[in-house]
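Position one of the sequence shown corresponds to residue 1 (my numbering), numbered consecutively onward.
What the hints contain is simulated information worked out from the structure, not anything from laboratory work.
Glycine residues also receive a C-beta, built at the ideal position from the N, C-alpha and C atoms.
Check each hint, because a few of them may be wrong.
Said to hold, decoys possible - The following label-pair restraints were derived from C-beta to C-beta distances:
#1 Gly27 - Pro47: 14 to 24 angstroms
#2 Thr24 - Gly48: 17 to 27 angstroms
#3 Ser99 - Leu73: 13 to 23 angstroms
#4 Lys87 - Arg66: 18 to 28 angstroms
#5 Ala30 - Pro92: 16 to 26 angstroms
#6 Gly27 - Ile81: 22 to 32 angstroms
#7 Ala34 - Val88: 19 to 29 angstroms
#8 Lys87 - Leu25: 33 to 43 angstroms
#9 Glu68 - Ala30: 27 to 37 angstroms
#10 Asn60 - Ala37: 17 to 27 angstroms
#11 Gly27 - Arg66: 16 to 26 angstroms
#12 Gly84 - Thr38: 15 to 25 angstroms
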Amino acid sequence: MTARAVGDGRSTEEAPSPASEGRTLWGSDAIAEALRATGVPYLALSPGASYRGLHDSLVNEIGNTRPEILLCLHEEHAVAIAHGYSKVTDEPMAAAVHSNVGLIHATWLSTMPSPTVPPAAVRSDRPCRRR
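Taking the hints into account, I'd like the entire structure generated from these sequences.
Laid out in structure tokens, this is it:
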């Protein structure tokens with residue numbers, strides 16, 4: 001983490017920068033940075049193996065800030081939290097779901113009558129291995 005000066009002379013912590021010199025940039029690091037670039041404040045997810053790299057990058061690469069992880073017990077919970085947050089604040093929030101069954105559990109959002117909150121979800125098929 002690096003500190004930067006603010007206008008009144010104080011310093012504030014900022015999240016680690018992606019791919020500092022001499023470090024490997026993983027695909028999951030790029031996805032974490034892309035999520036940060038969208039401006040979503042939170043990412044609700046149920047942790048598991050299908051996107052363990054993304055989970056790792058959200059914590060270790062960007063410091064679990066913007067977006068901050070909200071751990072959920074089930075994909076339906078993650079999508080419901082993201083949906084409710086978006087309806088209440090009128091701002092987007094992301095949800096990450098597991099492939100296949102997790103995606104099926106999350107699809108109930110598309111059947112909800114809510115023209116003001118378009119559904120969006122991050123999905124992973126399987127972990128990628130470095131070769």
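Results of checking the hints against the structure:
1. Gly27 - Pro47: 14 to 24 angstroms: Because 18 angstroms falls inside the window, the suggested range holds.
2. Thr24 - Gly48: 17 to 27 angstroms: 23 angstroms, holds
3. Ser99 - Leu73: 13 to 23 angstroms: Cβ of Ser99 to Cβ of Leu73: about 18 angstroms, so the range 13 to 23 angstroms holds.
4. Lys87 - Arg66: 18 to 28 angstroms: 21 angstroms, holds
5. Ala30 - Pro92: 16 to 26 angstroms: Holds: the Cβ-Cβ distance is about 20 angstroms, inside 16 to 26 angstroms.
6. Gly27 - Ile81: 22 to 32 angstroms: 26 angstroms, holds
7. Ala34 - Val88: 19 to 29 angstroms: Since Ala34 and Val88 have Cβ atoms about 25 angstroms apart, the given range 19 to 29 angstroms holds.
8. Lys87 - Leu25: 33 to 43 angstroms: 36 angstroms, holds
9. Glu68 - Ala30: 27 to 37 angstroms: At 19 angstroms between Cβs, range violated.
10. Asn60 - Ala37: 17 to 27 angstroms: Given a distance of about 18 angstroms, which is inside 17 to 27 angstroms, the answer is holds.
11. Gly27 - Arg66: 16 to 26 angstroms: With Cβ atoms ~20 angstroms apart, the hint holds.
12. Gly84 - Thr38: 15 to 25 angstroms: 19 angstroms, holds
Comparing the model with each earlier hint shows a violation of hint 9 alone; every other hint is respected.
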